[in-house]
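Residue numbers (my numbering), protein chains in the order written: chain Z, 201 to 316; chain U, 17 to 132.
Possibly wrong hints are sitting among the right ones.
Sample of chain Z residues with no beta-carbon within 12 Å of chain U, all distances over it, derived [claimed, not checked]:
id, residue
1, Thr213
2, Glu220
3, Glu271
4, Thr276
5, Ser287
Quick list of simulated restraints, FRET-style, between CB atoms [claimed, not checked]:
id, chain 1, residue 1, chain 2, residue 2, range
6, Z, Lys215, U, Pro56, 24 to 30 Å
7, U, Gln97, Z, Ala255, 35 to 41 Å
8, Z, Lys278, U, Lys19, 29 to 35 Å
9, Z, Lys215, U, Thr34, 43 to 49 Å
10, U, Pro132, Z, Lys278, 42 to 48 Å
11, Z, Val268, U, His131, 45 to 51 Å
12, U, Arg58, Z, Glu220, 18 to 24 Å
13, Z, Ala255, U, Arg67, 21 to 27 Å
Hints listed in this document are in silico derivations from the structure and should not be mistaken for laboratory results. Beta carbons are placed, not taken as given, at the ideal position from N, Cα and C, and that holds for glycine.
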Amino acid sequence: GAGVSQTPSNKVTEKGKYVELRCDPISGHTALYWYRQSLGQGPEFLIYFQGTGAADDSGLPNDRFFAVRPEGSVSTLKIQRTERGDSAVYLCASSLQLGFSANVLTFGAGSRLTVL
Amino acid sequence: SQKIEQNSEALNIQEGKTATLTCNYTNYSPAYLQWYRQDPGRGPVFLLLIRENEKEKRKERLKVTFDTTLKQSLFHITASQPADSATYLCALEARPPSGGSYIPTFGRGTSLIVHP
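Here chain U stands alone, though its shape is the one from the complex:
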């Protein structure tokens, strides 16, 4: 069956360090992979999107890698700050059958806690 796996344990790091979050998947051939941030009581907010033929994408302090052989995406936040504390969700979009639509399927998310 199809699975998207994100570490259920919270990641605790010190301010200024690089946070690395992992998204693994099985039985998917995603055309796109997205990362979202979710704060308590709020809806997810889009951060970055990477395509299947891209290896890496950057945006300010954020970097996403996508390895379709390992079936894994890594999400990095450099020079982390307490304000980066949140839950980070990965979402996959598999190529739909003919006439179908791309629908993001989400992992459970990993909580990041950045300590001052």
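In isolation and in its complexed conformation, chain Z is listed as follows:
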């Protein structure tokens, strides 16, 4: 597509529930990133994919968070047993990474998650 698409745009769930957030990156972008942004803060890195594999998942806060990118395109961020502290905007970004160089990111509009 023309841009990075994220669904749903808004998700309200109850504490303890399971949530999936989807990201459809720009076609041809091999690198995909997930960030989390709380109110008044900058985006906080969660995980980075190069192709199908998670190249760096050091930002995932705990084992309730998991992400996949099975075919090297669409990615799903999965959150188990949600907690109120998980409430934030989850941003996905993609980039055309060419070896070891600066990564200019194209972001989606984000998925706003509210855990009641």
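Assemble the complex: chain Z is given as a structure, and chain U must be docked to it using the hints.
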């Protein structure tokens, strides 16, 4: 510990003036520094990138400086307009360990409000 500092207080200026935003960092040796713009409810949008061996970069009304001795970047918008009102985020990419990847780390951003 590593820190990226951007003024949390909003910058209010009059239309037509030059806006200057600051990004300071500690315990980083960034190879690249980027600036993004973020509007409410939207994902960040890339504006400019500057490399560690560059002092200044310009694009239309925008100018970025990068001083690796002071560990500071300044972002200038000349002839500011109300439409420039947004949050501006700086992002650093440190040179990764061997085999690693460049991953942008963001500051919290500074809100700019341009009054007509």
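Structure-based check of all given hints:
no.	hint	verdict
1	Thr213	20 Å, holds
2	Glu220	19 Å, holds
3	Glu271	20 Å, holds
4	Thr276	18 Å, holds
5	Ser287	16 Å, holds
6	Z:Lys215 / U:Pro56: 24 to 30 Å	27 Å, holds
7	U:Gln97 / Z:Ala255: 35 to 41 Å	40 Å, holds
8	Z:Lys278 / U:Lys19: 29 to 35 Å	31 Å, holds
9	Z:Lys215 / U:Thr34: 43 to 49 Å	48 Å, holds
10	U:Pro132 / Z:Lys278: 42 to 48 Å	46 Å, holds
11	Z:Val268 / U:His131: 45 to 51 Å	47 Å, holds
12	U:Arg58 / Z:Glu220: 18 to 24 Å	22 Å, holds
13	Z:Ala255 / U:Arg67: 21 to 27 Å	22 Å, holds
Hint check: no violations occur; every hint is consistent with the structure.
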